[in-house]
Every structure is written in C-alpha cells, then in structure tokens.
Amino acid sequence: MLMLLFFCYCAVVITGTGLLAVTLKNPVHSVLMVLILFFHVAMLYLSLGAEFLAAVQIIVYAGAILVLYLFVLFLVSLRDEVKMPRFVSSAWLGRLIAGGMVACLLYILPVFTTGAKGDWPAQRVQAITPTRALATEMYSASVLPFEIAGLILLVAVIGGLLLARREKDVHGDVK
Amino acid sequence: MHVLVLLIQILVLFAVVMLHVAYATYFERKIIGHMQVRMGPMRVGWHGLLQPIADGIKSFFKEDVVPEQADRPIFLAAPVICLVAMLTSLAVLPFAPGWVLADINIGLIFILAMSSLSSYGVILAGWASNSKYTFLGGLRSMAQVISYEIAMGLSLVGVMMLSGTLNLSEIVQAQGTSFTGMYVFPQIIAFFVFCVAMLAETNRVPFDLPEAETELVSGYATEYSGMRYAMFFMAEYIGMMVMSAIGTICFLGGWNGPFTVPGVPFFWFVLKIYVFLFVFIWIRATLPRYRYDQLMELGWKLLIPLALANIALTGIVKAVIG
Numbered sequence: 001m002l003m004l005l006f007f008c009y010c011a012v013v014i015t016g017t018g019l020l021a022v023t024l025k026n027p028v029h030s031v032l033m034v035l036i037l038f039f040h041v042a043m044l045y046l047s048l049g050a051e052f053l054a055a056v057q058i059i060v061y062a063g064a065i066l067v068l069y070l071f072v073l074f075l076v077s078l079r080d081e082v083k084m085p086r087f088v089s090s091a092w093l094g095r096l097i098a099g100g101m102v103a104c105l106l107y108i109l110p111v112f113t114t115g116a117k118g119d120w121p122a123q124r125v126q127a128i129t130p131t132r133a134l135a136t137e138m139y140s141a142s143v144l145p146f147e148i149a150g151l152i153l154l155v156a157v158i159g160g161l162l163l164a165r166r167e168k169d170v171h172g173d174v175k
Numbered sequence: 176m177h178v179l180v181l182l183i184q185i186l187v188l189f190a191v192v193m194l195h196v197a198y199a200t201y202f203e204r205k206i207i208g209h210m211q212v213r214m215g216p217m218r219v220g221w222h223g224l225l226q227p228i229a230d231g232i233k234s235f236f237k238e239d240v241v242p243e244q245a246d247r248p249i250f251l252a253a254p255v256i257c258l259v260a261m262l263t264s265l266a267v268l269p270f271a272p273g274w275v276l277a278d279i280n281i282g283l284i285f286i287l288a289m290s291s292l293s294s295y296g297v298i299l300a301g302w303a304s305n306s307k308y309t310f311l312g313g314l315r316s317m318a319q320v321i322s323y324e325i326a327m328g329l330s331l332v333g334v335m336m337l338s339g340t341l342n343l344s345e346i347v348q349a350q351g352t353s354f355t356g357m358y359v360f361p362q363i364i365a366f367f368v369f370c371v372a373m374l375a376e377t378n379r380v381p382f383d384l385p386e387a388e389t390e391l392v393s394g395y396a397t398e399y400s401g402m403r404y405a406m407f408f409m410a411e412y413i414g415m416m417v418m419s420a421i422g423t424i425c426f427l428g429g430w431n432g433p434f435t436v437p438g439v440p441f442f443w444f445v446l447k448i449y450v451f452l453f454v455f456i457w458i459r460a461t462l463p464r465y466r467y468d469q470l471m472e473l474g475w476k477l478l479i480p481l482a483l484a485n486i487a488l489t490g491i492v493k494a495v496i497g
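If you're matching them up, the sequences are chains A and B in order.
Each step along the first sequence adds one to the number in my numbering, with nothing skipped, and position 46 is 46.
Each step along the second sequence adds one to the number in my numbering, with nothing skipped, and position 137 is 312.
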C-alpha cells in the first residue's frame with residue numbers, strides 16, 4: 001500500500017515536472033524541472049531496489065548531462081524566442097491529433113506482458129547486492145555488447161574532438 | 176520508536192557538525208594568523224574563543240537582501256540546495272564501528288552524487304543573482320566541478336577494486352587494523368589525485384577561482400547577505416569535512432588507529448579529519464591561486480590520465496597476485 005502511494009506520488013511529480021519543463025517560458029526553470037524529474041526517476045529505481053542505478057542516474061544525468069545543458073543555456077544568449085512556422089494550421093486540429101495518439105497508446109497498453117523469468121530473481125540480486133549483480137552480468141555474459149557500446153562512444157568522442165579542434169598553420173597560430 | 180531514535184541521532188549529528196563548522200572557521204583564522212605572524216581573533220572571549228558564536232549571531236540577525244533584478248525563488252533556494260546536499264552526505268559516513276546513520280551499500284557513490292548536486296547551488300546562485308561577477312563565478316565553478324569530479328571518481332575506483340565494496344564501513348574493515356593495511360600505500364597515485372581533486376571540488380585555494388576576491392569580488396556569493404551568505408560558508412566547511420572523511424575512510428583506515436582510546440571510538444577518525452583540515456588551511460596560507468587554463472590543463476591532461484593509469488595498474492597487479 002505504502003509502495004503504491006509512493007509510486008503514485010513519483011508518477012504524478014514526473015508527469016507534472018515533465019509538462020512544466022516544456023511549458024515554462026524561462027529555459028533555466030525548465031532545466032530545473034528536469035532536475036526534479038530525474039530525482040523522482042531515481043526514487044522509483046530505489047523503490048525497486050536498484051540502488052546502483054539510482055545513484056548513477058543522479059551522478060550521470062543530474063550531475064553531468066544537465067549541468068552541461070545549463071552551461072550551453074548560459075553561453076548561448078536566448079534573448080529572442082525562437083519562432084517556427086506552425087506544423088498544423090489550427091490549434092484545435094493539433095489537440096485532436098495529440099488526443100488520438102494518447103488513445104492509440106492507451107489502446108496498445110494491454111499488449112505488454114512480462115517476459116520470461118531470467119537468472120536473476122530479486123532475492124538473488126539482493127543477496128549479493130545490485131552493484132555486484134550488475135557488474136557480474138555486464139562483464140561476463142554481456143561483455144561483447146558492452147565493448148561495442150564503448151567503441152561507439154569512443155567514435156563519438158573522436159568526432160567531437162575533430163569538430164572542436166581548430167587547425168593550426170605552420171607558425172602554430174590558430175586560424 | 177525506531178523513527179524517534181533516528182530523529183534524535185540526526186539532531187545530535189547535526190548539532191555536533193554545526194559546532195565543528197563554527198570552530199573550523201576559528202581554527203582556520205587562528206592558523207592562518209599564526210602562519211602570517213599575527214594573532215588572529217583575540218577580542219571575543221579568551222583568545223577569541225567566542226568569535227564563531229558572535230559571527231553566527233551577527234549573520235543570523237542581518238538583513239536578507241534580495242537584488243531587485245534577481246530570479247527570486249531560485250536566488251532564495253540556491254544556498255539551501257548547497258547546504259542540504261552537503262548535510263545529506265553526512266548520513267552515510269561511519270564515524271566509528273556501527274556509528275553511522277544509514278549504512279547503505281552504495282555509500283561511496285552516494286557521496287559523489289550529493290557533491291555533484293551541491294554544485295547546482297553554486298551555479299544557480301551565480302545565475303539567479305543577475306550580476307556579472309556572480310555569473311562568472313558560477314560558470315567557473317561549473318566547469319571546475321565537472322572536470323575534477325571525473326578525476327575524483329576515477330581515483331576512488333582503485334579503492335573500490337581493492338576492497339570489493341562501495342559500503343564505507345566495509346571499506347574501512349577491508350583495510351584491517353595494521354598500519355601497512357591502509358590503502359594509502361598500494362593506492363599512492365590515487366591518493367595524490369584524490370587530494371588535488373578534493374581541493375578543487377571544495378573550491379579551496381589554490382583552486383578557489385569561483386570566488387577569486389581579486390577578480391570577482393566574492394564570486395557566486397557576491398549578492399548574498401546575512402544568513403544565506405553564512406549558509407554558503409557552512410556548505411563549504413561541511414564539504415571540506417565530508418571530503419576529509421572520504422579521504423580518511425578510503426585511504427587512511429577510518430576509525431582504526433595504533434591503539435584504541437577507551438570510551439571514544441571515533442577518536443582516530445576525528446583526529447585524521449582534523450589533519451586533513453589542517454592541510455587544507457596550510458595550503459591556503461601557502462600557495463597562490465592557479466590561472467584558469469592551468470587549472471583545466473592540470474585536471475584533464477594530468478589527473479584524469481593518472482587516475483586511469485592507476486586503475487589499469489591496480490587491475491593488472493590484482494590479476495597477477497590474485
């Protein structure tokens with residue numbers, strides 16, 4: 001009962017802050033709403049017993065990625081609002097389409113069923129702590145996908161470096 | 176009943192830490208005074224012993240000024256975010272065997288998460304004040320904290336690999352009670368990286384660019400006054416204590432010492448924290464400030480590669496010895 005209440009609280013806050021993040025006028029306020037959202041997602045992870053995932057959620061998303069967003073917001077001056085041509089001419093037609101999409105989503109929701117039980121029931125994960133369970137699985141059974149993901153990230157890093165690097169001429173002056 | 180006991184424990188911890196914070200400022204002023212051949216605070220009480228109390232009362236009753244152009248809710252919330260994040264990380268610190276509020280499995284990364292959260296307070300304070308000095312201070316702090324957090328996290332990975340756990344009490348137990356068991360010996364590179372990153376994470380000299388007095392008046396805290404200004408100071412000193420505690424737990428064997436002091440199980444822990452604090456203050460009295468590009472170069476080109484090399488080395492040695 002308590003867990004259900006807790007879940008409902010998190011769900012309401014996540015939805016609410018998500019909506020506020022796209023409707024608030026001030027972009028910094030929007031980023032703060034996303035920060036609150038990330039914290040509630042971490043709380044959901046905690047309620048499921050995935051403590052490592054919760055901590056990483058806060059360190060990586062709240063501590064690094066969102067701070068970078070703030071950095072970009074501060075450095076890019078956003079004095080004038082960005083105006084785009086409307087995709088759909090009438091606002092009510094847009095609302096109708098959005099409502100239709102929600103209806104479609106709700107309609108296909110019952111199709112989801114829980115998958116087959118894996119090797120890691122909750123008791124076994126709790127017995128050796130989630131961190132160790134995650135590490136054991138990631139570095140033994142799933143080591144190849146893990147390495148491939150690492151390689152893709154490395155490509156992204158090298159690409160970023162190449163974009164950010166300024167070429168130097170023979171005298172060592174930056175062009 | 177259990178909740179009540181926990182509440183009392185939290186209150187006691189809070190009171191003790193606040194008292195330590197107040198007297199850490201006195202400690203700092205006295206030490207720097209004597210290092211610069213002056214007396215430091217002398218007027219309030221015997222050898223100025225009541226100075227921190229007087230400072231506290233003064234800042235508590237001062238007017239809380241909010242600039243007209245400031246983003247009011249964020250301006251008011253920023254110091255609170257800073258202080259709360261730092262106070263939360265106190266909950267997982269083991270002061271003595273069993274003396275810990277929340278003995279969680281992920282203690283070490285919990286502290287890293289909270290320290291990254293407290294940087295939000297500084298950044299938002301800089302932005303919400305709507306002033307050039309505070310804004311520059313906030314930007315500097317942001318870049319500095321992101322860069323050095325990586326080095327700090329990586330330096331602690333070696334400790335995690337040796338102890339095989341993230342629980343702070345278990346890390347202390349894994350080091351054993353002997354002098355040579357302390358992780359400062361096998362993890363000497365990590366300890367070096369940690370000490371430098373610790374100074375940068377807490378915005379202390381020689382990395383105090385976010386509040387460089389000579390350039391930015393007082394950096395991110397320029398527009399603050401009264402109790403909210405004091406909150407930033409409390410957060411900074413609690414941050415120093417938390418970082419010292421992490422250094423003590425991960426590298427210096429936590430509460431273990433050459434002999435047990437009867438009745439005071441936390442004796443060695445507090446002593447080691449005060450050694451760290453003394454070094455913090457000693458460095459402040461000795462070293463000039465870094466230039467900004469030097470700070471970034473040190474972080475990215477020296478500390479992070481060193482920490483990564485340490486991880487590889489620890490892994491190889493652990494695989495060979497078994």
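Rather than coming from a laboratory, the hints here were simulated on the basis of the structure.
On a predicted model such as this, the values are computed, not experimentally measured, just so you know.
Keep in mind that the hints are not guaranteed to be accurate.
[What the hints assert, rightly or not] Straight-line alpha carbon distances no greater than 30 angstroms define the calculated DSS-like cross-link-like pairs of lysine-lysine that follow:
no.	chain 1	residue 1	chain 2	residue 2
1	A	Lys83	B	Lys307
2	B	Lys307	B	Lys233
3	A	Lys25	B	Lys493
4	B	Lys493	B	Lys476
5	A	Lys117	A	Lys25
6	B	Lys307	B	Lys237
Results for each hint:
1. A:Lys83 x B:Lys307: OK: Lys83 (chain A) and Lys307 (chain B) at ~28 angstroms, within 30 angstroms.
2. B:Lys307 x B:Lys233: holds (28 angstroms)
3. A:Lys25 x B:Lys493: Violated, because 54 angstroms separates the two Cα atoms, which is more than 30 angstroms.
4. B:Lys493 x B:Lys476: holds (26 angstroms)
5. A:Lys117 x A:Lys25: Not satisfied, since the Cα-Cα distance of roughly 46 angstroms exceeds 30 angstroms.
6. B:Lys307 x B:Lys237: holds (24 angstroms)
Going through the hint list in order, the structure does not satisfy hints 3, 5.
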